Amino acid sequence: MLDMGRTRLYRNGKLEAEGFPVADVSEHVKDPSAVVWFDMCEPNEEDLRAISEELGIHELAVEDALQHKQRPKLDVYESHKFLNVYAVRFDTGSGRLDVAEAAAFITPNALVTVRNSRRFEIEEVIRRWDEAPGLTEHGIAFLLYGLLDYVVDTHFETVEAIDEQIEVLEESVFGERAITQGDQRRTFEIRKSLVTLRRVVMPMREVVNTLIRRNDEIGDGAMAPYYQDVYDQVLRATEWTESLRDLLSNIREAHLTMQSNKMNLIMKRVTSWAAIIAVPTLITGFYGQNVPFPGFEHSWGFWVSSVAIVLVSAVLYRSFRKRDWL
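So the working numbering is basically just the index in the sequence shown, starting at one, shifted up by 155.
Since the hints were made in silico from the structure, they are not lab data. Misleading hints may appear alongside valid ones.
Here are the simulated lysine to any residue pairs, SDA-like style, with alpha carbons at most 20 Å apart [as the list claims (entries may be wrong)]: (1) K169 / E292; (2) K417 / R476; (3) K228 / G174; (4) K169 / K185; (5) K228 / T393; (6) K423 / R476; (7) K347 / L215; (8) K185 / E200; (9) K228 / E218; (10) K228 / L215; (11) K185 / G168; (12) K228 / E344; (13) K417 / W428; (14) K228 / R368.
Just so you know, these numbers come straight off a predicted model, no measurement behind them.
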């Protein structure tokens, strides 16, 4: 179901109207002093084709907006730009990553956001716009900055949350508590989440860097420090993601190594006890074949054989303990 209830009109750096009908957008766009934003949630092809005719959007950009699971990117066309980004959220309970895709058509005085689901919280983007009224005079550059700031913040918050979960896994490796199957499953889920997060975060460097290099096309130089701040956040999130992937791989290898060491320890103990038990079994079994043992039919013979069994078993036990096998 299409939801286009979100619309805004800025004129001369001031918020003039919001919540107006989408049909009025084409009239507002004709005014060079006006900047228009409106949001489309889960649109169909007909809806996008209609808006593309109004704003002169390239057909390839429309196709990209209709296709899901596009990589984060910024395509530059003659009259507009096409942006594709992902907001992410990490579920600390399950260790899974929730990904929400959104696209944007960027023209000189209009920004159209296209969300594939309501999980992309456009209200958070609006909140960022409202918290910086002094920047509204920069038009599209300001609106686009608010969108990117929200997206990159979700990346950074997710990396922080995953880092905390990995610290817990680190403690489980060297803690006294035994590593459970649940720990291994959680490690696997976090690893999957990191792989997905890397696919989302890595291309953002190119996206933001392209916007910085083309800053003269989307606004004046006053917005450059804000875009540079977003770029710094992208770099930190990218580097952090890479380091967490390496750290999680080390934790996984440590889990496997400790399991192997534990199995070796168990095998050594079982083998040692088997060797101790084998000695009296061998002696009693051999003489149990109706073969007279020394002192046969004499009480001292029974006691000598019993003492021999105990002594040999004690020697073996002490020898294995010295080698730390028991």
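Worksheet item: Are K185 and G168 close enough, with their CA atoms no more than 20 Å apart?
Response: Holds, at about 16 Å.
Worksheet item: Between K228 and E344, is the straight-line Cα distance small enough, at 20 Å or below?
Response: Between K228 and E344 the Cα gap is close to 26 Å, so the pair fails against 20 Å, i.e. violated.
Worksheet entry | Straight-line alpha-carbon gap K228 to T393, limit 20 Å | Between K228 and T393 the Cα gap is close to 16 Å, so the pair holds against 20 Å.
Item to complete: Quickly compare the C-alpha distance for K417 and R476 to 20 Å and report which way the hint goes.
Response: Measuring from Cα to Cα gives roughly 17 Å; hence the hint holds.
Worksheet item: Does K347 pair with L215 here, judged by a C-alpha cut-off of 20 Å?
Response: Distance ~31 Å between K347 and L215 Cα, so the pair is violated.
Practice prompt. Given the hint that K228 pairs with G174, test it: the Cα-Cα distance must not exceed 20 Å.
Written response: Cα-Cα ~29 Å, so violated.
Worksheet item: Would the pair K228 and L215 pass a check requiring their Cα atoms to be no farther apart than 20 Å?
Response: 13 Å, holds
Worksheet item: Does K423 pair with R476 here, judged by a C-alpha cut-off of 20 Å?
Response: Measuring from Cα to Cα gives roughly 11 Å; hence the hint holds.
Worksheet item: Does K169 pair with K185 here, judged by a C-alpha cut-off of 20 Å?
Response: 17 Å, holds
Worksheet item: Is K228 close enough to R368, meaning Cα to Cα at most 20 Å?
Response: Measuring from Cα to Cα gives roughly 15 Å; hence the hint holds.
Worksheet item: Given the hint that K417 pairs with W428, does the C-alpha gap stay at or below 20 Å?
Response: Given pair K417, W428 holds - Cα atoms ~17 Å apart, limit 20 Å.
Worksheet item: Given the proposed pairing of K228 with E218, does the C-alpha separation stay at or below 20 Å?
Response: Holds - the C-alpha atoms of E218 and K228 are around 14 Å apart, at most 20 Å.
Hints 3, 7, 8, 12, counting from the list given before, are not met by this structure.
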